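Taken in order, these protein sequences are the chains called A and B. All the letters of the first sequence, read from the start, carry residue numbers 1 to 112 under the numbering used here. All the letters of the second sequence, read from the start, carry residue numbers 1 to 115 under the numbering used here.
Warning: the hint list may mix true and false statements.
To give an idea of the chain B side of the interface with chain A (calculated C-beta under 10 Å), a few residues [as the list claims (entries may be wrong)]:
id, residue
1, Tyr33
2, Leu43
3, Lys44
4, Ser95
5, Gly102
Note that these hints are calculated values from the structure, not bench results. Treat the numbers as computed from the prediction; the structure is a model and nothing was measured. Glycine included, every Cβ here is placed at the ideal spot set by N, Cα and C.
The residues making up each chain are set out below.
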Amino acid sequence: AQTVTQSQPEMSVQEAETVTLSCTYDTSESDYYLFWYKQPPSRQMILVIRQEAYKQQNATENRFSVNFQKAAKSFSLKISDSQLGDAAMYFCAISGTYKYIFGTGTRLKVLA
Amino acid sequence: NAGVMQNPRHLVRRRGQEARLRCSPMKGHSHVYWYRQLPEEGLKFMVYLQKENIIDESGMPKERFSAEFPKEGPSILRIQQVVRGDSAAYFCASSDRGRNTGELFFGEGSRLTVL
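Excised from the complex, chain A in its bound form (with noise of 0.2 Å):
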């Protein structure tokens, strides 16, 4: 079985600040893909980042980068510079060979 663990319901940041959002999963398969996925209060889910189990290159977008532990199984996510638009939900996510298992989010205020 997969899970997926995020242990902090809501952060704060200050705009133009850097936050690390923490994630941690457990997963018996070799071969995974690793997520961030962002929902606003439109409820849209948007993908934020991508990492693959196999690359130990840290992916990053943008202002967006994770840090992928792979043996401690840890995928945090980064955000520098936040922007006020950065509010929301981010929620980490596993996949497996059948499904993506979610991690319950952690919310996200930039205050101004």
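Model the placement of chain B on the given structure of chain A, informed by the hints.
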């Protein structure tokens, strides 16, 4: 290229009625997933379907819930004899790849309210 389309966006049912939620995946996508989201909670996997086949329904309650993805037409999530606890947002997502290697594209969700 139209995204994942879900309808209705909002559905109100009384206890005991049936709810039918529809999902049209992105063009070219043959993998459909249904998730349920309770207020202030994460997404709970319900079922994974490919065209005409249910691949994994381990997250779907055995009673009252069913799902299909016919050869032609949208995927349908059907909830019979709804109860108040079924009130939630139901999200559909689609992918163009097997083995879950690709991005999931989500619809805007269908919000079911049971009175």
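Checklist entry - Among all the numbered hints in the text so far, which are the ones the structure does not match? => result none
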